[in-house]
Structure formats: C-alpha cells, structure tokens
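Trainee: Chain by chain, the residues run as shown.
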Amino acid sequence: MSQTVIELSEKHYSLSALNEAIYWLSNIYPLHISPSVIPDTIILSTNSEMSEESTKHILQVIHDYQLREKIKFETKSLKEIIIAKAFYPDVINVTEPTGDMRDPVLMDQNEAK
Amino acid sequence: MKQSSLRKEFRRFRPEEDHKTSNHKANFYSILPFNFHRLKNGETLLVSEWGDWIVTDTSIEDILDRKISNNTIDLLLSKNFIHFYDHPPQVEFLANRLRAKKSYINGGPKLHILVISLRCEHTCGYCQVSRVSSDKEQFDMSNETIDKALHLIFQLPDDHLTIEFQGGEALLNIEGIKYAVKRARYLATINNKNVTFVICTNLAVLDHTILDFLKQENILISASLDGPANVHNTNRIRPGRDSYQRTIDGINLIKNNYSFDQVSVLMTTTNKSLENPKIIIDEYLKQGFKNIFLRPISPYGFATFNKNSHYEIEKYLDFYKEGLEYIIELNKKGVRVIETYAQIILRRLLTPYSDGYVDLMSPAGAVSNVIVYDYNGKIYASDEARMLAQMKDDTFCLGTVNDDWDKLLNSEGAITVQNAGVGEALPGCSNCALLPFCGSDPIYHHATQGDSVGFRPTSGFCKRNMWLIEELVTRINSDPIQKKIFQTWLKR
Chain A
2 MSQTVIELSE KHYSLSALNE AIYWLSNIYP LHISPSVIPD TIILSTNSEM SEESTKHILQ
62 VIHDYQLREK IKFETKSLKE IIIAKAFYPD VINVTEPTGD MRDPVLMDQN EAK
Chain B
26 MKQSSLRKEF RRFRPEEDHK TSNHKANFYS ILPFNFHRLK NGETLLVSEW GDWIVTDTSI
86 EDILDRKISN NTIDLLLSKN FIHFYDHPPQ VEFLANRLRA KKSYINGGPK LHILVISLRC
146 EHTCGYCQVS RVSSDKEQFD MSNETIDKAL HLIFQLPDDH LTIEFQGGEA LLNIEGIKYA
206 VKRARYLATI NNKNVTFVIC TNLAVLDHTI LDFLKQENIL ISASLDGPAN VHNTNRIRPG
266 RDSYQRTIDG INLIKNNYSF DQVSVLMTTT NKSLENPKII IDEYLKQGFK NIFLRPISPY
326 GFATFNKNSH YEIEKYLDFY KEGLEYIIEL NKKGVRVIET YAQIILRRLL TPYSDGYVDL
386 MSPAGAVSNV IVYDYNGKIY ASDEARMLAQ MKDDTFCLGT VNDDWDKLLN SEGAITVQNA
446 GVGEALPGCS NCALLPFCGS DPIYHHATQG DSVGFRPTSG FCKRNMWLIE ELVTRINSDP
506 IQKKIFQTWL KR
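Residue numbers (the working numbering), protein chains in the order written: chain A, 2 to 114; chain B, 26 to 517.
Here chain A stands alone, though its shape is the one from the complex (with noise of 0.2 angstroms):
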C-alpha cells in the first residue's frame, strides 16, 4: 500500500501544534503521528500517496499552528492579566506605569503643593 510520509523536527514543531493541524485536516487527509527511531524526529503518515501541493497544504498548517504557539507563548501571561482585570477589574490591580506624569489641570492635590 503507497504511504505518504512526513518527518518533522521535534525542535521545530510541538506535538500540540501537529495535534491542532491533524484536528483540522482530519476531514481532507486521514494523518497519524507516530515515533520515529530517529531522535527528536516525528512521523506524520497517511495510508495513500499524496500530491506535492497536498504535502505542501499540510506543512503550511502545521506551520502556521507552529507560529500560534510562539505567539501564546510570548503573550500568555498578559493575555490572563488582560483576561482576569476584564471580568473582575476589582480584583486585578494594574501597576501604574512608571514615568513622568504631571497632571495639567492640577488634580491630584499631592502634585499642587
């Protein structure tokens, strides 16, 4: 039986990201994960040969849940901060931001003196 197989880098693509990217393909290409004996290595397969452009379709979702993660990654813990002060601002105390802020209009009392 003809086999498609993909080999990915465990370095380059989480095994999240490929869960997400199978999730969405699964109704256009049947995909498995599977070890490979190769270290840090993954194998995508699919029990049919697949066209390049189809190969090619694949590898730019699983890219692209790649570049998802980086973003959660990099953004997380101000997404929960932003998340947590919309739905209980009382709770979620900001710090102010630091720098010079002189208040024209003379509000602060403090600042008058």
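Don't read these hints as lab results, they were simulated from the structure.
Warning: the hint list may mix true and false statements.
Claimed, not checked - Capping the alpha-carbon separation at 27 angstroms, the derived lysine-lysine pairs in DSSO-like fashion look like this:
1. B:K509 - B:K127
2. B:K92 - B:K315
3. B:K127 - A:K73
4. B:K92 - A:K73
5. A:K12 - B:K92
With the hints as your guide, set chain B onto chain A.
Mentor: Just chain B now, kept in the frame of chain A:
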C-alpha cells in the same frame, strides 16, 4: 493605584517626539495577544484578542522576528497588536475593550420565549415544532403556567426584559397573551423593570380587534415572509393556499392601523428559495422592508423530514453570496437595504461593541441570554432546544416552571450548554482567529453531529460563519465603497 493618576494618563497626550517611529529603536517591541487567519487571496488577517483586525501581506514570521518596516510597526501599534518596551501596554484599556465585546454575558437571560400555543392553521414544511390543529385548546399555555413562568422571569437581575410569544401560531391564544401581558406589566411595575413584548405570528388570523390590543400594549410583531407568492405559498402551506395574501393583508393592516415600524419579517431559505434570491429581496423592497435576513434553515423538527428543506451548505452559501451582491448593488444605486446576518457580523468587525444575537455568542447564548417556556410548563435552553424535544430529544430541557433557578441553571441541560458553549475552550474554535466575531452553538452541533462540542472541520455552522466573516473582511479591505455602505448599515 491612585484613581486620579489613572485619569491623568488617559487625559494627557504624549510628547510629539514619542509619535515619530524613527525615534524608537526600530523593532524593539513586544507583541500583544493576537491570532491570524490565511485569506484565500494570499493575504493574512490578523485579529487581536479583543477584535481589532488588519489585513496584511507582512509575514507572521517577520512580525515575530522583529523584521518589519516602520510603516508596519505604526500600523500594528495603532491597532494594539504590539507595544514598545518603554511604553507598557494599557491593560485597563484593553480589558475594557474585551469586556465591551463580551458585555452580553452580564446579567441573566434577557429574552424569554413563551410558547403560548401549539395550535397552528399552517402546515409549513420546514416547521421545527409539532403543531396541532387550531381547535385543540388543550395545547394552549394555561394561566397557571403563565403565572409560574412570569414569576421565574421577574426574579432575574436584568432591568430590561423581552418577552416573546411564539407558537404554533401565537395569536390563536390571544386570551393567553392578554393575560400574560397584563400580569407581566404588573410584575414589571412592582419589580421596577422594563419589559418589551414581541409576538411571532404568521398574520393569517390578525384582525382589527387583535390589532387594537397590540397597538394599545405597544407590542412588536415578528412575521414570516419567504418571498413572492410562488415561493411563500410553496414553503408555507395552509388551507386555501393563501398564506402569502394573508401575510400581505396583515402587513397592510398593521401599516394602516398601527405602525410599520412595529412589524418586522423573517424568511427561511428552502430549496425553493435557493432558486432565486433576487426575487425574494425584491419582494421585501416591494412591501417596504429595508432589512432582510437570508437565514438558512434550522436542522430541527419537520425540517429534517421535508425534501424542500434539505440542501448542502455550499448551495446555501452560493445563494447567500448572490443575494448579498445584489443587495450591495442596490445600495450602490441608492436603495437602502440591509442583510441582517451581515449586519450582525459587521457590528463585530467595525465597532467595539457586542450585540444580542443569541445564536452567535461565546459563551453560548442558550441559557445565558435566552430561555424558552413551553406551553406545557417545560423549560428549554433555547428555541432550538425545544425543537429538539419535538424530536423526542430532551437533552437541553432544564426543568419545569415548578423548579427554581438554582435547579434550572444546574440541570444537566444547562451544564451541557455551558461546558460545550465556550468557544475559547473548544477544539477548533480556541485557536481560530475569527472567534471574536463568531460564537458557539452546542445545540446545533448536538442536533447535526450528535455531539454538543462538535467537530469543526465538518460543521455547517463553522463553514457558514467562517465564509461570511472572510467574505466581509475581504470586501471591507478591498473596496472603500462597500466599506462605506457597510458602515451605513450600522447607523441606528
């Protein structure tokens, strides 16, 4: 944190030099939470967590690697996709934006649907509920059930409630409606709440006496108009095959004796409708309506057994696209007509606000925004949940009017909706860039896929909404005239 110092920050402009990007160390920025979606034209749609968006041909890799031009930096900065290291993100501002987008989750359910009667003199092929013939009064909601339902409704925290009477044909139990309205007005007064009434009717039994009552109580009327006579009568069958004429007569009666502003009409798309969207739109314009909702059929009740009500989602999307293009062309010629579903999505794309459309919310609008009280006292998570019950599936029945809110909101049905109704936690949705403009519908997925969580790659709900959001984004981004037209659709 001093409140006054916060006000200072928002009131004060930064020095002019701060706004010149060349003064910043180029690319010394942090990214704010966002996602992206590949458009069919090769460009990329970036969407922030709170619904800001831009279409760009800059690669995501370049944004993440800090290899973008100053112009792109300006664009991303202005849309809250990045912030500079020396200017921390305005958490309060961004949190407010997110809270505004999700404001519909505040308070309790606002829309309460009372199925005042199961009687109906129509036998519409796509009807989602089992109706009984118009002489069976045992299928009317009793006064006792009305009392109990209203008692529950007025315990809720919201100051503004909407009570919608549905059927069957609601007007066949006009005495029940009169009783409910009188009782609800009394309860609204003593509980200091505002209540709006809506009646869903086919207008076939509307007469002057009933209309006088509706006018006196300032009740809004929601009717059905599927298109010109040949389409409407094919879809909506009644003895005498005169549903269309009766609908038009009813609309004219309201126009001449009440107010045209108090009546709205909806259509349902069937195979007959798919043949020609333009004649349906023309019919709406002919009758004076400026809004048309090109909505697909709901896959519940009799609709699942009727040949005229079955079609692939792709056929519906072709129908919708043709209809939308025609509507835009009419707008370009100065004829103001709005497609309602597009308007709902456009409000999410072009304003920071949310809307009250319960079928497209995350968390799901079922239970949180709408509750249905059936004629027999059973309570359902939504109208669609009641339709499922007609097919002997009580999954989303919350209980009865004899139960209290604690029991109803902790019922298995309510918990199923809550567990499967938060798109931010669902497979497929949680990583979708279009989620801020979309929603989740666990009841639809339960009905069509047998699983309330749903499987997004084959979901008709997903296909429809993703297609429409992409379509509108592409049109807004590529055609300033269409963008201007869409903006006029959002003016109240």
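Trainee: Can you confirm whether the C-alpha distance between K509 (chain B) and K127 (chain B) stays at or below 27 angstroms?
Mentor: Within the cut-off at roughly 26 angstroms; holds.
Trainee: Holds or violated: K92 (chain B) with K73 (chain A), Cα cutoff 27 angstroms?
Mentor: 19 angstroms, holds
Trainee: Take a quick look at whether K127 (chain B) and K73 (chain A) sit within 27 angstroms of each other, Cα to Cα.
Mentor: Holds, at about 21 angstroms.
Trainee: Does the alpha-carbon distance linking K92 (chain B) and K315 (chain B) stay inside the 27 angstroms limit?
Mentor: 48 angstroms, violated
Trainee: Hey, K12 (chain A) versus K92 (chain B), does the alpha-carbon distance stay inside 27 angstroms?
Mentor: Roughly 23 angstroms separates the two Cα atoms, so the pair holds.
When the structure is compared with the earlier hints, a violation turns up for hint 2 alone.
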